[in-house]
Amino acid sequence: MNTSTTKHLDFLSEISEMKRIYLVIENSLLKNNSLCLVITSALPDEGKTTIATGLAAIAAGQRDLRVLAVDFSWHKPALHEWFGLPQVFDANDLDQGKSILDSVQSTHLKNLDILTAGSASHNDVNRHEDLNQQGKDIVTKAREAYDIVIIDSSSIFPVNRNMMDPIAISTDADGVVLVALANVTPRQKIKHARMLLETAGAHVVGVVVNQWKNPLF
Amino acid sequence: MYFNIKRYFYGISKRRFWLLLILFPPVFYIFVSASNTDRFSIRQNISISKDLPVALASGPAGLKQIQELVIHPDDFFLNNYAVRKLYTELYVGKAVYRADGQFRNLLEMIKNSMSIKIPSENIAVITFYGEDRAIGRTLVSYYSERLVQKGKEGLVRSKHNESNFELPVLMGTMEIHEHRSLWRPERLFPFSLITLISLIGVLMILGVLEWSDPSFKSERQVAQYLELPILGSLPNLNKISASLDLKRGK
Numbered sequence: 608m609n610t611s612t613t614k615h616l617d618f619l620s621e622i623s624e625m626k627r628i629y630l631v632i633e634n635s636l637l638k639n640n641s642l643c644l645v646i647t648s649a650l651p652d653e654g655k656t657t658i659a660t661g662l663a664a665i666a667a668g669q670r671d672l673r674v675l676a677v678d679f680s681w682h683k684p685a686l687h688e689w690f691g692l693p694q695v696f697d698a699n700d701l702d703q704g705k706s707i708l709d710s711v712q713s714t715h716l717k718n719l720d721i722l723t724a725g726s727a728s729h730n731d732v733n734r735h736e737d738l739n740q741q742g743k744d745i746v747t748k749a750r751e752a753y754d755i756v757i758i759d760s761s762s763i764f765p766v767n768r769n770m771m772d773p774i775a776i777s778t779d780a781d782g783v784v785l786v787a788l789a790n791v792t793p794r795q796k797i798k799h800a801r802m803l804l805e806t807a808g809a810h811v812v813g814v815v816v817n818q819w820k821n822p823l824f
Numbered sequence: 007m008y009f010n011i012k013r014y015f016y017g018i019s020k021r022r023f024w025l026l027l028i029l030f031p032p033v034f035y036i037f038v039s040a041s042n043t044d045r046f047s048i049r050q051n052i053s054i055s056k057d058l059p060v061a062l063a064s065g066p067a068g069l070k071q072i073q074e075l076v077i078h079p080d081d082f083f084l085n086n087y088a089v090r091k092l093y094t095e096l097y098v099g100k101a102v103y104r105a106d107g108q109f110r111n112l113l114e115m116i117k118n119s120m121s122i123k124i125p126s127e128n129i130a131v132i133t134f135y136g137e138d139r140a141i142g143r144t145l146v147s148y149y150s151e152r153l154v155q156k157g158k159e160g161l162v163r164s165k166h167n168e169s170n171f172e173l174p175v176l177m178g179t180m181e182i183h184e185h186r187s188l189w190r191p192e193r194l195f196p197f198s199l200i201t202l203i204s205l206i207g208v209l210m211i212l213g214v215l216e217w218s219d220p221s222f223k224s225e226r227q228v229a230q231y232l233e234l235p236i237l238g239s240l241p242n243l244n245k246i247s248a249s250l251d252l253k254r255g256k
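As you go down the protein sequences, you meet chains A and B in turn. Taking the working numbering, the leading residue of the first sequence gets 608, the next gets one more, and so forth. Taking the working numbering, the leading residue of the second sequence gets 7, the next gets one more, and so forth.
Each hint should be verified, as a subset may be incorrect.
[Claimed, not checked] Straight-line C-alpha distance at most 20 angstroms; calculated SDA-like pairs for lysine to any residue:
1) A:796 <-> B:230
2) B:20 <-> A:822
3) B:56 <-> B:9
4) A:796 <-> B:225
5) B:20 <-> A:810
6) A:638 <-> A:811
7) A:798 <-> B:14
8) B:12 <-> A:791
9) A:798 <-> B:231
10) A:796 <-> B:175
11) B:20 <-> A:793
12) B:12 <-> A:823
13) A:796 <-> B:133
14) A:798 <-> B:133
15) A:796 <-> B:220
16) A:614 <-> B:29
17) A:798 <-> B:225
18) B:12 <-> A:626
19) A:796 <-> B:229
20) A:626 <-> A:673
21) B:20 <-> A:791
22) B:20 <-> A:798
23) A:796 <-> B:56
24) A:798 <-> B:12
25) B:123 <-> B:133
26) A:798 <-> B:235
27) A:796 <-> B:234
28) A:626 <-> B:123
29) A:717 <-> A:622
30) B:12 <-> A:821
31) A:626 <-> B:239
32) A:798 <-> B:123
[Unchecked claim] So the derived list for chain A, only partly shown, Cβ under 7 angstroms to chain B, looks like this:
33) 704
34) 706
35) 822
[To be verified] A few chain B positions that, by computed beta-carbon distances, are all more than 10 angstroms from chain A:
36) 13
37) 113
38) 141
39) 185
40) 202
Derived by calculation from the structure, the hints in this document are not laboratory data. Virtual Cβ for every residue (Gly too), placed ideally from N, Cα, C.
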């Protein structure tokens, strides 16, 4: 891991606003030292990975709990870049009886591991269903092995058959955090995303507003 | 309120090139105005000796030379009898009242637009310069014929032998020239008004565009619209990263 990556991670875990966000989520969702949280947004490139990484880094530093950050943004993976680690997880290995724990990588932060996005080569019409089932299996196994699982999922829109559907994953999680990029995210899209999540049975904890591109902030 | 003002100015600065549209209506107005003929100079040459006495003095037997008319043109153009006669010709059957606005307008127009000159020994020129072509033609025709008539009367009154002076006559037809101009002082008010309306219009359009932007501008809007708690608001991380680097001396 290079020094630039370490610096960025340290920087994220230093942001007091991020610490407060984690505190609120922890107080509201952490039961019996177990928490599974999905970070999603209505549209791509709204800051999901940054927030997931920041929350995972803070969670790992808070108490002596094992934390796993999972990259479910298979269509456009980015989590491994934050940690400066290679993408080693091949989803086809799961079909051959391997465990996801074989693909988990340790980070320089104590108690924090990551599972990078999987590279699968399914190419049939049922891929969407296969991926969703695979995602649910990964979540179940991750929850068994770790206290806190933070999932960096893909955005809810646009939908495509190569995505790990965040709505399907969210129903197995304790809570979902919606990310909205101020001055960019159209309000109708995020409202639609919220409605889909709630109708599917997911528990939407709240919204994190990313002010990255907001000149009015 | 402060947020809305800040948002409005942000919206303007984001679409600042739209401000160029403010210039379009006034510039269009200037070009349309400049392309339209809005002034006419109408002149009639009269063959008349500059020494010929004309019957235009106040008394019934008095005489004046044309040169005097050039120095004091009001004596010729604003002669009470002449203007009243012209008025009744222009506005047929209408009684003349000096206090009447229309009559005073006519006086004002004659004063401002009519002139007489003697460019050479035997030629006098009566000129109209103004906005109304039809009125100008009437005025030039009326005063030219009047000068010819008064010249003939003056010749009779002065008992000069006709061989000393040629009888005054109109030379050819009236010459009419059209004038255009890019700018005239009277266009200042409509120009300013159009600019103001254009400014208000463009600023309103920019406001409408900004407020029709469907993205969230503040946490309050997110909370109100989604009815979900705001867990937090991440500042511009790039700025914080830069400032942390500065503090650390990196």
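Consistency of the hints with the structure:
Annotation: proposed proximity of residue 796 of chain A to residue 230 of chain B holds, straight-line Cα distance about 15 angstroms (limit 20 angstroms). For the proposed pair residue 20 of chain B and residue 822 of chain A, the alpha carbon gap of about 10 angstroms is at most 20 angstroms, so the pair holds. Under the criterion of a C-alpha separation no larger than 20 angstroms, the hint pairing residue 56 of chain B with residue 9 of chain B is inconsistent with the structure, at around 79 angstroms. Our distance criterion of 20 angstroms between C-alpha atoms is met by residue 796 of chain A and residue 225 of chain B, whose separation comes to about 16 angstroms.
Proposed proximity of residue 20 of chain B and residue 810 of chain A is contradicted: the alpha carbons are some 37 angstroms apart, above 20 angstroms. Among the hinted pairs, residue 638 of chain A with residue 811 of chain A is consistent with the structure: their alpha-carbon atoms are about 17 angstroms apart, no more than 20 angstroms. Restraint check for residue 798 of chain A and residue 14 of chain B: the C-alpha separation of about 25 angstroms exceeds 20 angstroms, so the hint is violated. Simply put, residue 12 of chain B and residue 791 of chain A have alpha-carbon atoms about 17 angstroms apart, close enough for the 20 angstroms limit, and the pair holds.
Among the hinted pairs, residue 798 of chain A with residue 231 of chain B is consistent with the structure: their alpha-carbon atoms are about 8 angstroms apart, no more than 20 angstroms. The suggested pairing of residue 796 of chain A with residue 175 of chain B is violated, with an alpha-carbon distance near 88 angstroms, which exceeds 20 angstroms. Distance check on the hinted pair: residue 20 of chain B and residue 793 of chain A sit about 18 angstroms apart at the alpha-carbon level, within 20 angstroms; holds. About 7 angstroms separates the Cα atoms of residue 12 of chain B and residue 823 of chain A, which keeps this hinted pair within 20 angstroms; it holds.
Using a Cα cut-off of 20 angstroms, the hinted pair residue 796 of chain A and residue 133 of chain B is violated, with the two alpha carbons roughly 74 angstroms apart. As the CA atoms of residue 798 of chain A and residue 133 of chain B are separated by approximately 77 angstroms, the hinted pair breaks the 20 angstroms bound. A threshold of 20 angstroms between alpha carbons decides the hint, and for residue 796 of chain A with residue 220 of chain B the separation of about 9 angstroms falls inside it, so the pair holds. Straight-line distance between C-alpha atoms of residue 614 of chain A and residue 29 of chain B comes to about 51 angstroms, which puts the hinted pair past the 20 angstroms bound.
For the hint pairing residue 798 of chain A with residue 225 of chain B, the CA-to-CA distance comes to about 14 angstroms; that is within 20 angstroms, so the pair holds. Distance check on the hinted pair: residue 12 of chain B and residue 626 of chain A sit about 29 angstroms apart at the alpha-carbon level, beyond 20 angstroms; violated. Taken as a hint, the residue 796 of chain A and residue 229 of chain B pair is honoured in the structure, with Cα atoms around 15 angstroms apart against an allowance of 20 angstroms. Between residue 626 of chain A and residue 673 of chain A, the direct Cα distance comes to roughly 18 angstroms. Compliance with the 20 angstroms bound is thereby established for this hinted pair.
Between residue 20 of chain B and residue 791 of chain A, the direct Cα distance comes to roughly 14 angstroms. Compliance with the 20 angstroms bound is thereby established for this hinted pair. A threshold of 20 angstroms between alpha carbons decides the hint, and for residue 20 of chain B with residue 798 of chain A the separation of about 26 angstroms lies outside it, so the pair is violated. Between residue 796 of chain A and residue 56 of chain B, the direct Cα distance comes to roughly 91 angstroms. Violation of the 20 angstroms bound is thereby established for this hinted pair. For the given pair, residue 798 of chain A sits about 26 angstroms from residue 12 of chain B by alpha-carbon distance, which is inconsistent with the 20 angstroms threshold.
A hinted pair counts as satisfied when its Cα atoms are at most 20 angstroms apart, and residue 123 of chain B with residue 133 of chain B qualifies at roughly 8 angstroms. The suggested pairing of residue 798 of chain A with residue 235 of chain B holds, with an alpha-carbon distance near 14 angstroms, which does not exceed 20 angstroms. Restraint check for residue 796 of chain A and residue 234 of chain B: satisfied, since their Cα atoms lie roughly 15 angstroms apart, inside the 20 angstroms limit. Between residue 626 of chain A and residue 123 of chain B the CA atoms are separated by roughly 94 angstroms; this puts the pair beyond 20 angstroms, and the hint is violated.
Only pairs whose Cα atoms come within 20 angstroms are accepted, and residue 717 of chain A paired with residue 622 of chain A is accepted, the gap being roughly 19 angstroms. With a C-alpha separation of about 12 angstroms, the suggested pair residue 12 of chain B and residue 821 of chain A falls inside the 20 angstroms cut-off, and the hint holds. Using a Cα cut-off of 20 angstroms, the hinted pair residue 626 of chain A and residue 239 of chain B holds, with the two alpha carbons roughly 11 angstroms apart. Of the pairs offered as hints, the one joining residue 798 of chain A and residue 123 of chain B is violated, with about 83 angstroms between alpha carbons and a cut-off of 20 angstroms exceeded.
Interface hint at residue 704 of chain A: violated, since its Cβ lies 39 angstroms from the closest Cβ of chain B, which is beyond the 7 angstroms cut-off. The restraint placing residue 706 of chain A at the interface with chain B is violated, with a minimum CB-CB distance near 33 angstroms, outside the 7 angstroms limit. Checking residue 822 of chain A against chain B by beta carbon gives a least distance of about 6 angstroms; that is within 7 angstroms, so the hint holds. In this structure residue 13 of chain B is not separated from chain A by more than 10 angstroms, as the shortest Cβ-Cβ distance comes to only about 6 angstroms.
With a cut of 10 angstroms on Cβ distances, residue 113 of chain B stays outside the contact zone with chain A, its closest approach being about 63 angstroms. The claim that residue 141 of chain B lies off the interface holds: its Cβ sits roughly 61 angstroms from the closest Cβ of chain A, which is beyond the 10 angstroms cut-off. Annotated as non-interface, residue 185 of chain B keeps its C-beta farther than 10 angstroms from every C-beta of chain A; the closest such distance is 52 angstroms. For residue 202 of chain B, the requirement that its beta carbon stay farther than 10 angstroms from each beta carbon of chain A is met, with the minimum near 29 angstroms.
Going through the hint list in order, the structure does not satisfy hints 3, 5, 7, 10, 13, 14, 16, 18, 22, 23, 24, 28, 32, 33, 34 and 36.
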